[in-house]
Amino acid sequence: MSWQATIQALILVALLVITVGPLGRYMAAVYGVRQDASAPGDRVFGPIERLIYRVCRIDSKREQRWNVYALALLAFSLVSILILYALQRLQGNLPFNPTDRAAVTPWGAWNVAVSFVTNTNWQWYSGEVAMSHLTQMIGLTVQNFVSAAAGMAVIVAIIRGIARSNTRNLGNFWVDLTRTVVRILLPLSLVFAVVLISQGVIQNVKGYTVAVSIDSTTGVADQAIPGGQVASQEAIKQLGTNGGGFFNTNSAHPFENPNGISDMLELYAILLIPFAFVVAFGKLVGDKRQARVLIAVMAALLTVFAGFAMFAEQGGNSKLAGLGVDQSISTTQSGGNMEGKELRLGAAACGLWAGATTGTSNGAVNCMHDSFTPLGGASPMLHMMLGEISPGGAGVGLMGVLQYALLAVFIAGLMVGRTPEYLGKKIQAAEMKLVTLFILAMPIAVLAFAAASILLKSAANYQPGPHGLSEVLYNYASVANNNGSAFAHQDTSTRWYTVTQGIAMLIGRFFLIIPALAVGGSLAGKPKVPATSGTFPTHTPLFAVLVAGVIMIVAGLTFFPALVLGPILEHLSL
Amino acid sequence: MRAFIRQLRPALILAVIFTLICGVGYPLLTTAIGQAGFNDKANGSLITRGGVVVASKLIGQSFVASQYFHPRPSAAGAGYDGSSSSGSNLGPTNPDLLKAVGERAKAYRTENGLAPDGLVPVDAVTASGSGLDPHISIANARLQASRVAKARGLTVDHVQTLIRAHTDGRGLSVLGEPGVNVVELNLALDQLNP
Chain A
1 MSWQATIQAL ILVALLVITV GPLGRYMAAV YGVRQDASAP GDRVFGPIER
51 LIYRVCRIDS KREQRWNVYA LALLAFSLVS ILILYALQRL QGNLPFNPTD
101 RAAVTPWGAW NVAVSFVTNT NWQWYSGEVA MSHLTQMIGL TVQNFVSAAA
151 GMAVIVAIIR GIARSNTRNL GNFWVDLTRT VVRILLPLSL VFAVVLISQG
201 VIQNVKGYTV AVSIDSTTGV ADQAIPGGQV ASQEAIKQLG TNGGGFFNTN
251 SAHPFENPNG ISDMLELYAI LLIPFAFVVA FGKLVGDKRQ ARVLIAVMAA
301 LLTVFAGFAM FAEQGGNSKL AGLGVDQSIS TTQSGGNMEG KELRLGAAAC
351 GLWAGATTGT SNGAVNCMHD SFTPLGGASP MLHMMLGEIS PGGAGVGLMG
401 VLQYALLAVF IAGLMVGRTP EYLGKKIQAA EMKLVTLFIL AMPIAVLAFA
451 AASILLKSAA NYQPGPHGLS EVLYNYASVA NNNGSAFAHQ DTSTRWYTVT
501 QGIAMLIGRF FLIIPALAVG GSLAGKPKVP ATSGTFPTHT PLFAVLVAGV
551 IMIVAGLTFF PALVLGPILE HLSL
Chain B
575 MRAFIRQLRP ALILAVIFTL ICGVGYPLLT TAIGQAGFND KANGSLITRG
625 GVVVASKLIG QSFVASQYFH PRPSAAGAGY DGSSSSGSNL GPTNPDLLKA
675 VGERAKAYRT ENGLAPDGLV PVDAVTASGS GLDPHISIAN ARLQASRVAK
725 ARGLTVDHVQ TLIRAHTDGR GLSVLGEPGV NVVELNLALD QLNP
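First to last, the protein sequences are chains A and B. Heads up: the first sequence begins at 1 in my numbering, then just goes up one per residue. Heads up: the second sequence begins at 575 in my numbering, then just goes up one per residue.
Beta-carbon label-pair distances, calculated as ranges:
hint : chain 1 : residue 1 : chain 2 : residue 2 : range
1    : A       : Pro22     : B       : Lys680    : 51 to 59 Å
2    : A       : Pro22     : B       : Leu766    : 48 to 56 Å
3    : B       : Ile621    : A       : Arg50     : 44 to 52 Å
Honestly, the hints are just simulated from the structure, not real lab data. Even glycine gets a Cβ: it sits at the ideal position worked out from N, Cα and C.
Given the sequences, and given the hints that come with them, work out the whole structure.
Below you can see the structure in the form of structure tokens.
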């Protein structure tokens, strides 16, 4: 790798180290860490929030038990799915449709509605071909905000469950949702969108602008230059770890990601809130050391997977070397495996981005993962299969890693023969059953649907050789983890894929959130046990290693056989 | 069930409110700021010649005539189709990819007078992610310089100077990779000698 690529990675680390702390503390204050329930920005945001509560007749002081909190989330998700479905089906007859898009097909619309409401942003379609400007604006952009906010609200409720004792109340879903959007996501997005425009991301209300071709001999008389409200969607797409592109090629498109600076800023935005949430967690439970351990686990895994992909992609495709293609780094070219990559970004930056987008539930891409080298592509695939906890999606990432932390204390407890405890709460059979449910749901969805797709002749639209299996596996791993990135050569617009991938997205979202909320509810009801000399400490490097080990072993045991037949076999055929 | 139905009312009203705030207010406010503060960029960094829009600085275009620098292969529609961005998404061992790269390398060598076993820069024979990549590597541009110079009756040195003038460096000296903007370079050549 070039030294510039290493510096780029270090700049990303520096940006995060500087800003994650302040943002995390701000978020903790928004979610009510202060005794008097005041929060920064009350004067600006307070009136807006109170107006919203009044219109919706929400009693903001009234807290909910975990099951009511979950029902509120489910009701909100159901309503959102129905609205988004209707919007796509009717877009041909609605205004603000300058590119003249017709209605989306019924199964396609179902898939997209589920996709954006579950924060997956899986896209079987091409953004500029399928969606009207109105749908992008009042449908997709809105879900980018609220699906992220819903995930963030839920983890706040779970944290309250850990921090409180002898209560059944976890907070109010509507209040947490509203405060997340109004105080965190909207202000950050507005600033970020304007910065992106300054780099060249477009933001206008035009359809296509026709440019007359410069070379008159190409046989193509003109070029359609797209328009749209791209920067506003791009900002929340990254900050909310959504990942659904305005355009088909997502952040590889020059109008979504025009240069090296925008690339770095978007990469930073992907990781910002997930990491800041862990800081907020430390603040809310009143023990920063616990947050540090989780951040260390997340950062270590992210570094390994991103670094691996960077090396693999910069290393190039050895099949091309045999054809007299120069993939080396020099002063006149950045080299590497450039199929599916943008020259202004380079191969190493793609590897770095691939690590960040699959460690979170983002799924935005700045290059085409399907054309990665076999091992370069295995890295983001396995990274998703870990359950997206490094650092995971906004809110849901912390939720995932906490489940693994509970599993780790449980295993440690078994080894020493004591009832395991986490942050002063006894972890018992009820919690462990829920954790197990959470850990099993995603792999079952991935492996069962992938196996069925391989068995079904009608679903066999993947590429030849072991790469075909990689494609099917990657795509189900992506939807079942609510990621949304794709091995995109496969046509997933068919009835089989739109339906089953929609189901996998629902499993990935609600079989994570509902058991996790139930764990939170169960922990809230327990008393705090004072730590004794026999308590297994969960703020030490040893515990960090244990959590990381549990994560790797669970994913390894589950997915290694499939990975051998896909990317590893393909690598050996090089 | 009744508990669920009771939640549907706030769900529906809140969904409508957020549609107004996040789906109408926020994008329109962003558009207003963008149009006022960064008008050129917000509208796609368009380039006009004689009052006619001919390209965007950020979006590549097809060039096939020998007096133009040629961009990277493109999988967007028939090539550089701005209304359907796309990569090839071919896997690294897919025979179709290897066949296409082999053929492109052969054509590139013939076109630019390289030896039959000469090394070809990787960007010249691989399709970009977006299919709209406006850049080629400096190595790729330099190899095309003598062909373009000959077709236009310019000296190779003159063309090399233009390449340098239209090379975009890294952002803040470290971010991204340097590349030659094919659209701007070809427009500069046309202005010099149409």
